[in-house]
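If you read the sequences in order, they're chains D and A. For the first sequence, the numbering used here assigns the number 1 to the initial residue and increments by one for each residue that follows. For the second sequence, the numbering used here assigns the number 1001 to the initial residue and increments by one for each residue that follows.
Source of the hints: derived by calculation from the structure; they are not laboratory data. Since the structure is predicted, the reported quantities are computational estimates derived from the model, not experimental observations. Beta carbons are placed, not taken as given, at the ideal position from N, Cα and C, and that holds for glycine. A portion of the hints provided could be inaccurate.
Stated by the list, open to error - One-sided and incomplete, this derived list gives chain A residues near chain D with beta-carbon spacing under 8 Å:
1) 1096
2) 1097
3) 1110
4) 1133
5) 1134
6) 1136
7) 1139
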Amino acid sequence: MAGTSFLLYQKRDSWLERWDPRMKIVAVLLFGAALLLTHSLGLKTAQLLLLIVLWGMAKLSWRVLAFTLLSLSIFFASTMIYQSVLTAVPGEDMITWGWISFSSQGAVRGIMMCEQIAGIVLLLALLVRTTSPIVLAEGLEMLLKPLKKWRLPVHEAVMMFSIALRFLPILIEEFDKIRKAQLARGGGFHRKGVSTRFRGVLPMLMPLFVMSIIRAKDLAVAMESRCYQGDEGRTPIRMYRLRANDYAVFSFSIVNLAAIFVW
Amino acid sequence: MQIKLDRVSFTYGKRSRNKPPAGPYVLKQLDLTIESGEMLAIAGKSGSGKSTFLQLLKGFLAPSEGTVLLDGVNPHQARRPELFDKVGFIFQYPEHQLFSTTVFDDIAFGLQSAGLADEEKEARVRQAMAAVQLDYEAFKDCSPFELSGGEKRRVAIAGVVVLEPEVLILDEPTAGLDLQSRTALFDLLHAMNREQGITVMWVSHQLEEILEHATRLIALKEGTFLADGHPHSLLSDPVLLEAFGWEEPPALVVSRLLQELGMIETGGQKALAPGEASEAIIRLLNRQRITV
């Protein structure tokens, strides 16, 4: 179930949900840049802690946070090994524990790298989890509006993005159902060796593709029958206005980004 | 095969030792014995726990409390999940699960890991296709995607039947089928039940269908069995009908009225067949003409 709700937005009436989507996206970009650009361990840790505080303010579940971080544990482990053991530069202080020796600078590099990965993932998770897909798509579209001058299909791209996001949970649910159905008629292939199990991949993916195509077709018909005709003449149902709140978020992001150059 | 549920409860919430389970119970303290060869209908509104109940019987889910026994063995405890292979499970809209390039391959999917010789495989597929009334020669090389809806569903059912299950569970098998396909499907289920002694369990929302085909009805509400018995007696029970918001099936109403008028002498346990009912009505009309 944790997998199904991984990218789901649920209304929780938190403060973060009331932020303007445009400002939220800009803030995510600025915060992400700051997170990637700092070379100070302290600052990176502080930023990560801030994200965790925001997670709490967004009333998101701590279990999901733990699940998110745990799912990255292989990345963390390999990053740590790579940074501190494999790429130790000669001349760094080497610390030896039994048969392992690693450089302390390498370990710090590793920790920073892990914090970066965790930070970016949390940042995006926060964005997606506190913004409904439609609002997110509208915000993105407004931000990318200037690109329309060069005839880039901004609206279409954003629509595709939001539909994909919307259908992800349905796809996961459907996969679970198909998996069970094929197990039910598979004669116990899932309990046998790797090669027999491998034969079960096509039976699970094929119906999923077929259903997705059928669903896409249905969706297209449904959209057209509701008079959707792309960007042209489309009026927004929601008007977005930046409030003091949003300017504060924006200023904070700028200050945060500037801080890395001062530090 | 006998299936026995002993005080089975189920919750989707995580359970940890020494702690009451988190989350609400989907099924509560179910006791049930299903004997070999029954035709069992399961009714209940959506959200009443029907799907969860069926998935417990197939072993997709393990009960949170209580035990599921197949012929007296608890497959979860005995670590013998292969016992659940004797239970065939056909999901709603099974035609959505077809994947192969030919009907033959699709039906034979379950036999692939059984290590059968080609001739035997062919014989089993032939038999399964005969069971669902699909002509072997005409259909075996077709693509399943170019068949009609009813044919696709029969291919999907053959894919389960080919494994020779002892119990067949179907989740709303008639959803989206036309009247003819519906009748054909139930003919097929009856034939399998009669000739091979297969226990058939299906979820249905059609009271007429239950009345016509089931020998036993289980009505689920909010995770508990509200009723368990013969459909004729249950579906004429006003208390039960009230609880589910059902209306008494017309066949039962007519039978009951005719009985109240003294035109038939059955014990009220039986709905009349259309022929019997019309005969009784004609007799009634004739008698009234005479008395007038």
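Tested hints:
Here the hint on residue 1096 of chain A is kept, as its CB sits about 6 Å from the closest CB of chain D, short of 8 Å. Taking 8 Å as the C-beta contact cut-off toward chain D, the hint placing residue 1097 of chain A at the interface holds, the least distance being around 4 Å. The restraint placing residue 1110 of chain A at the interface with chain D holds, with a minimum CB-CB distance near 4 Å, inside the 8 Å limit. Interface restraint check for residue 1133 of chain A: the shortest CB-CB distance to chain D comes to about 19 Å, outside 8 Å, so the restraint is violated.
Here the hint on residue 1134 of chain A is broken, as its CB sits about 16 Å from the closest CB of chain D, past 8 Å. Hint on residue 1136 of chain A is violated. Least Cβ distance to chain D is approximately 19 Å, over the 8 Å limit. A distance limit of 8 Å between C-beta atoms decides the matter here; for residue 1139 of chain A the minimum to chain D is near 18 Å, and the interface restraint is violated.
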